[in-house]
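Given chain P's structure and the hints, the job is docking chains E and A onto it.
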Amino acid sequence: MSVEQATDYGPTLVAILFGIAFSCVFLGLAMFLGPKRENAEKLSPFECGSEPIGSPRVRFSVKFYQVALLFLIFDIEAAFLYPWAAIFRRLSCLGTVIGGECLGTVTAFGFVEMLVFMSTLVVALAYVWRKRAIGWG
Amino acid sequence: MTFDTSDLVASLPLLFLTVAGIVLLLLDAFSRVVLVGREHHLKLPAETSEAVAVPPPGSRNYLMPVTLLFLLGALAIIVWQVGTLPETSVTIYRGMLVVDRFGLFVIGVCVAAAALGIVSAPAYMRAHKMEFGEFYALVVFALCGMIILVQAADLVSVFLGIETMSLGAYVLTGSWRRSARSSEAAMKYFLVGAFVSGLLVYGIALIYGVTETTSLIDIKRIAMSRGAAPLFYIGWMLLLVGFAFKLGVVPFHMWAPDTYDGAPTPVSGFMMSCIKAAGFAGLIRLLQGTLPMLARDPFTGWTFVLSWLAVLSMSLGNLAAIKQDNIKRMLAYSSISHAGYLMVGVVALGTVGDAARGPLLFYLASYALTVVASMGVVSWVGCDERGEERVRLSDWAGLGKREPMAALLMTIALLSLGGFPPTAGFFGKFYLFQAALGESKLLWLILVAIANSLVSVYYYLRVITAMYFREPAPNPATLPIQSTAMKVGVLVSTLLVLAMGMFPGWLSALCAAAKF
Amino acid sequence: MQLLVQNLLSVGLHHYLILAVVLFGIGTFGVFMRRNALTTLMSIELILNGGNLTLLAFARSHQDMRGQALALLVIAVAAAEAAIGLAIVVGVFRNRHNTNIDELNLLRY
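Chains as they are written, first to last, in the numbering used here: chain P, 41 to 177; chain E, 0 to 515; chain A, 18 to 126.
Derived from the structure by calculation, the hints contain no laboratory data. All values reported here derive from a predicted model rather than from experimental measurement. Honestly, I wouldn't trust all of these hints.
Claimed, not checked - Listed below are the simulated SDA-like cross-link pairs for lysine to any residue, each with C-alpha atoms no more than 25 Å apart in a straight line:
{"id": "1", "chain 1": "P", "residue 1": "171", "chain 2": "E", "residue 2": "179"}
{"id": "2", "chain 1": "E", "residue 1": "486", "chain 2": "E", "residue 2": "387"}
{"id": "3", "chain 1": "P", "residue 1": "103", "chain 2": "A", "residue 2": "32"}
{"id": "4", "chain 1": "P", "residue 1": "171", "chain 2": "E", "residue 2": "57"}
Stated by the list, open to error - Computed spacing ranges between beta-carbons, pair by pair:
{"id": "5", "chain 1": "A", "residue 1": "29", "chain 2": "E", "residue 2": "30", "range": "54 to 62 Å"}
{"id": "6", "chain 1": "P", "residue 1": "71", "chain 2": "E", "residue 2": "429", "range": "30 to 38 Å"}
{"id": "7", "chain 1": "P", "residue 1": "74", "chain 2": "A", "residue 2": "92", "range": "32 to 40 Å"}
{"id": "8", "chain 1": "P", "residue 1": "139", "chain 2": "E", "residue 2": "225", "range": "34 to 42 Å"}
{"id": "9", "chain 1": "P", "residue 1": "138", "chain 2": "E", "residue 2": "219", "range": "34 to 42 Å"}
{"id": "10", "chain 1": "P", "residue 1": "69", "chain 2": "E", "residue 2": "318", "range": "57 to 65 Å"}
{"id": "11", "chain 1": "E", "residue 1": "1", "chain 2": "P", "residue 2": "122", "range": "19 to 27 Å"}
{"id": "12", "chain 1": "E", "residue 1": "7", "chain 2": "P", "residue 2": "173", "range": "27 to 35 Å"}
{"id": "13", "chain 1": "A", "residue 1": "29", "chain 2": "P", "residue 2": "138", "range": "27 to 35 Å"}
{"id": "14", "chain 1": "E", "residue 1": "322", "chain 2": "P", "residue 2": "108", "range": "37 to 45 Å"}
{"id": "15", "chain 1": "E", "residue 1": "14", "chain 2": "P", "residue 2": "165", "range": "18 to 26 Å"}
{"id": "16", "chain 1": "A", "residue 1": "85", "chain 2": "E", "residue 2": "297", "range": "34 to 42 Å"}
We treat Cβ as the ideally placed atom computed from N, Cα and C, and that holds for glycine.
If we strip away everything but chain P, and leave its shape as in the complex, we get (with noise of 0.2 Å):
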């Protein structure tokens, strides 16, 4: 590597070791450090100064966990729509786009994209719903 760029990215890597360290030093001052005198008061839960009712470790149903996976997979699929729609008219346009109109042919391209997206989703719902993991009982 050249001289050059050893300058150009010195700050980085020093900045990088800084972060490393950084982060290393206040975690091990944490453990280590840090008084751990602990008592019923100090390791009992607050729950706004009266005194907690029952334990708070209490098993949640699995169908929470089934609900919250589905919502996080299809959320997260609905996250692809932004892109895809910002360049919407660019993937549908034959040519070249002036402040969003086509100066070429319009073609399908970007609708029949989503689609394949959209139906590859629906058939993920519909596993999904024939597995019976979405509905309550």
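Structure of chains E and A alone, referenced to chain P:
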């Protein structure tokens, strides 16, 4: 923009297998289920007291032939594509994937190994009372990931390929839901794998930051012209560590024995053969295809780093395998040491150059088929009344009398793993070491590798002597799995191993022609 | 050193990179130090987000959309990974009633 039919045709294996996976998934979802109460589900949490829908035993067996047809179809497409491929490689999907003989060869090996492996799945699942209809769809989806990885021409597709492949493998590892060992294996594999994907993302981000691109060709051009900046080094080191984890190379191997041991046997076979082949292909593309100029630097070049990984992997894998009483675990450690031999091949690629690629591919193919054969026999030997697998050496004593066919096929597979003629394993090692000897600097590495293969003979022969010369335990409660499909699958893969050993010319010619 | 100080005074690429490395460091620390599977999962998410932040910072400084597109893919993959991870944790819990990694020791020889 418009549809580019040439892209679609060039990526036909990938598209075909994606559709196949979706079809298999829907077939499973819309096949018959029965409602059973919670007493049929071991250790379900008390809250799910209502009946759950489960597939009745054997109701998903028909998916195996369907999957087999799909995989054979994919193989036919690959063979057709090899025939029509132009001399230079073709980049498709705006530089995301590249179609060339190297990629098609590795994909062909993966699909073939998967096809030979899944035939033992229905019988295995029936014997172990695990009904998992998604098995076939997940295998096919994982294969799609391997295709993306093997044909990757961009760091984005490298990442996507690895993840698609791994996500399938995580679920497959944990698919034997009643078995605590299977879910433990899945947990270990998943935690390591997810950590590795973090390393990969970070490495890719750094490389992107330095080069302003993710395309492998552009990265090669920029690294050639400008040299490598420190951040670039960190980036590709992270990628290298990521691949080393995925391939189970010492010192990044701690998940491998547990995962291969705990996963259902057909899944272990699939992972040891296909994931290893695809992972090594991706590594070769990344190192030799993209960063050949970083190969020979003293201490920081990848040949230096990889040669030490190879030495560690071969030696520690073999030493740990010697101690094993559990045959599945022994094969898992042996796969770690084989990853070491393959690393010797990658080092040779960096020093000798293209001449080593054919031998490396030959080794990959021979190892993949041998593993499928040996794991098929492990499934074949079966389980006891409680559904526990019989994988102890003592369980295999006297197998030569009880199941002569299984013992014979296992003997051939073990001889191939140990590198005896006339099996594929012998020529795999022979070609690889011969190619590496083109550079005298690698002599020490070859000597270590040869010493290691001599050591490995000990534990392979131990299994063979147990099968033929040890008296079976007085209470051989083993129930071998009787399944024609499984036996045919093991037989075909063993015959291929033998054929590759007796007539190595055709395959090595094919490997030598598999260029970038 | 002067360059470093100068770099640290105006919010720019390096600040994002440092934050990303801190996230990456905390995540790695968590993966190696925490023994609960769920905490490990959260640490892995931190690592992925550190990588994502790096990607986005570079994409912004290069005026290039590729980094952003990759970050989106990483988010989707991370979601899929988290889903599978949680399913595996539930599976282990059903079998073992425990998610402590150190106590997963069936697979020893």
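Can you tell me whether the CB distance of residue 322 of chain E to residue 108 of chain P sits inside 37 to 45 Å?
holds (43 Å)
Between residue 14 of chain E and residue 165 of chain P, is the Cβ distance one that fits in 18 to 26 Å?
Holds, since residue 14 of chain E and residue 165 of chain P (Cβ atoms, about 22 Å apart) stay within the stated range.
For the hint 19 to 27 Å, verify it against the beta carbon of residue 1 of chain E and that of residue 122 of chain P.
Holds, since residue 1 of chain E and residue 122 of chain P (Cβ atoms, about 23 Å apart) stay within the stated range.
Range first: 54 to 62 Å. Now tell me if the beta carbons of residue 29 of chain A and residue 30 of chain E are that far apart.
Since the Cβ atoms of residue 29 of chain A and residue 30 of chain E sit about 58 Å apart, the hinted range of 54 to 62 Å holds.
Mind checking the alpha carbons of residue 171 of chain P and residue 179 of chain E for me, to see if they're no more than 25 Å apart?
This hinted pair holds, its Cα atoms lying about 23 Å apart.
Honestly, do residue 29 of chain A and residue 138 of chain P meet the 27 to 35 Å range at C-beta?
holds (33 Å)
Against the 25 Å threshold, does the CA-CA distance of residue 103 of chain P and residue 32 of chain A hold or violate the hint?
violated (42 Å)
Verify the CB-CB distance for residue 7 of chain E and residue 173 of chain P against the hinted window 27 to 35 Å.
holds (33 Å)
Would you say the C-beta atoms of residue 85 of chain A and residue 297 of chain E sit inside 34 to 42 Å of each other?
Between residue 85 of chain A and residue 297 of chain E, where Cβ atoms are some 39 Å apart, the hint holds.
Mind checking the hinted window 34 to 42 Å against the Cβ distance between residue 139 of chain P and residue 225 of chain E?
holds (38 Å)
Lying within 34 to 42 Å: is that true of the beta-carbon distance residue 138 of chain P to residue 219 of chain E?
Distance hint for residue 138 of chain P, residue 219 of chain E holds at roughly 36 Å.
Is residue 486 of chain E close enough to residue 387 of chain E, meaning Cα to Cα at most 25 Å?
holds (21 Å)
The structure fails hints 3, 6 and 10 (numbered hints given earlier, in ascending order).
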